[in-house]
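K.L.:
The listed protein sequences derive, respectively, from chains W and X.
The first sequence runs 2 to 403 under this note's numbering.
The second sequence runs -7 to 291 under this note's numbering.
Hints listed in this document are in silico derivations from the structure and should not be mistaken for laboratory results.
Idealized CB from N, CA, C, for every residue including glycine.
Incorrect hints may appear among the rest.
[Stated by the list, open to error] Computed beta-carbon distance windows for the label pairs:
#, chain 1, residue 1, chain 2, residue 2, range
1, W, E91, X, G9, 25 to 33 Å
2, X, E31, W, Q266, 55 to 63 Å
3, W, C224, X, A208, 34 to 42 Å
4, W, G98, X, R30, 49 to 57 Å
5, W, G98, X, N255, 44 to 52 Å
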Amino acid sequence: MAEVQIMTGNQAAALGAKLSHVQVVAAYPITPQTSVTEMLSQFIESGELKAEYIRVESEHSALAVCISASTVGARVFTSTSSQGLLYMHEQIHWAAGARLPIVMCCINRGVGAPWTIFNDQQDSIAQRDTGWIQIYCRDNQEIIDSIIQAYRIAESVYVPVMICYDGFVMSHTMMPVEIPDAEAVSDFLPPYKPHTILSPEAPMNINPVLFPWRRANSEGVLCDGYMEMRYKLQKALDESRDVIISTSRQFAGAFGRDHGGMLWQYKADDAEMILVGMGSLASEATAAADMLRAEGIRAGVVGIRVFRPFPKEDVRAAFRKTKAICVFEKAISYGYEGALCSEIKAAFYGTDIRLPIHNYICGLGGRDVKARELAEAVRSSRDTIAAGDTEPMPKWLNCFTE
Amino acid sequence: MPENLFKVNIEEYMLPGQRACQGCGLSLAYRYVLKALRENTILTFPACCLTVLHGLYPTTSVTIPALNCTFASTAASASGLVAGLNALNRTDITVVAIAGDGGTFDMGIQALSGAAERGTDFIYVCYDNEGYMNTGTQRSSATPMGALTSTTPVLTKQQPKKDMLRIMEAHDLPYLSTTSSAYPIDLYDKFVKAKRIKGSRYMQIAVPCPPGWGYAPKDTVRIGRLAVETGIVALFEIEDGKFRFTGRSKTLAEKGNKLPVINYVERQGRFRKMSIEQLRQLQRWVDTRWNEYLKRAEG
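Take the sequences, apply the hints, and build the full model.
P.N.:
In structure tokens form, the structure reads like this:
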């Protein structure tokens, strides 16, 4: 029987990894991720979880350990935040290039300089182009459930998955979480079957140097060049959309919870103004939508759950009927606008969807974002749009910009 | 007499078609490393001369399974192999990490120190050609004083070579050794021994590099021998803290007939701008170290 407990996001993540029967964990402590690694070491040292725990000397090594352990056929897990994720950057590309089904939690935190330990999503957004699937969770229940789903997704498309959730706002905030039944998880998630196992029984040289062109093997058969391999990674990400959606549905069938596949909607069907965001910010936006509705503005929310692969078709469908969009983001592509805003705009290209889209940069470095502030931003956008300003520069919410 | 002179494994794991340079010291040494390690081995290495030696996808000249890893992560990659194999109950396989001096003394030192401190059950091999040779002879912290490199092209390297063995010994390893491609049987014996020992083992191989050091490819063995005969490279092993000279270095230590470093230096283009003062310093550096070794060998 599933049991409900009050727990932090980090507890939910550690439990999710445990329920997924991970075989190798390698991690390095960084705020706000640290307690995930502490709990997993507790599980492993006490014998509750049979796995190897490698207390590495850096995040770069944490992912290196996961990459190699995954290559010999073990199910692996790691987690990090902020600078740690950036320190891994080279390995993040490597893991995707090697087509390894690694699952990593990114407990979102701002990036220095100057130092901040508090939440925004600049760290994982900066990994957008590494070839990983990125899933953003909106509550602690979604964290534990998404980790279990992530292994199933990763191991069927051979693409690593990053489970992102907001530091402190979720990592250190207690919420009721229904713990999935261990046996039901084992049924849902079969053991990991690697596409290639490195072993003395079948010697090979994995991830060697490639030259620009395809090259023949010893039997004279032309094999992939670098570019063919890269094309296959892109294709796998494209095709992972269906796997993500079906996994989400099958999970709902087995456990009774559907977190929405690629995206989720709240009162968006008849909404004239839609608030868009990822993670806890989108969750906060639902309260803002209720406030706006109370005063007669038909507001709704679209929470983007999967940022890569970007849900182009789902986004087109979700915004087809609305009149305007406000995209709230805890990250920015400096010199332009929020990355999520750009993606949404790009998804509309070539369609007849022509909407005013306002972009709000907010909550950087942990600055609080309240529902009433989101509501106020929507009201102001509504007025500006009425005055004819359909696509202004990104506005900085709760920031003294003069 | 070397232990295994007449019983070296006749199996070849490095087949014809390897892509190393002519006269490469690494390729001479690597053949014997693999003969000693045998089949039940998994290798991991970063981008380095060894990557080139192993060949271009989809062909390879080496029959031992190998995993390429990022430059800074060789020892962490080995940790992952060991952890993954343990998790799958495959504890019969020897995991071997191999990197050059750049990937060991410089960029890989953090991961290496971490893996060694954790007592990871693996063999770490550093093949030391004293510079970033794969990228065209740039200075590393293993480059000796007075050597010209493409990043010390005018003034030569001003600092002495980093003593990696001392750094690794500070990790309380069960086994460390130095070897040379010019003395393959000494090298073979040490790798056979290392394979039998549990825990983190550190092996350093001195491998002369014709294009990087500026000598003719035919002279690789001669240069390697001179390095040992002048004491630039000392052949020894440290087993559970106990130091022991081996092979040619043992004879030199017993007979006291080590050659002056000039015999080694004068045959290499990279030392052509070395000053007299640098030569004196290099001789002092060698003598200080040699005397320390002699003292440890007695004690």
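K.L.:
Next, verify each hint and record whether it holds.
P.N.:
To see whether the hints hold, each was checked on the structure:
no. : hint                          : in the structure
1   : W:E91 <-> X:G9: 25 to 33 Å    : holds, 30 Å
2   : X:E31 <-> W:Q266: 55 to 63 Å  : holds, 58 Å
3   : W:C224 <-> X:A208: 34 to 42 Å : holds, 37 Å
4   : W:G98 <-> X:R30: 49 to 57 Å   : violated, 31 Å
5   : W:G98 <-> X:N255: 44 to 52 Å  : holds, 48 Å
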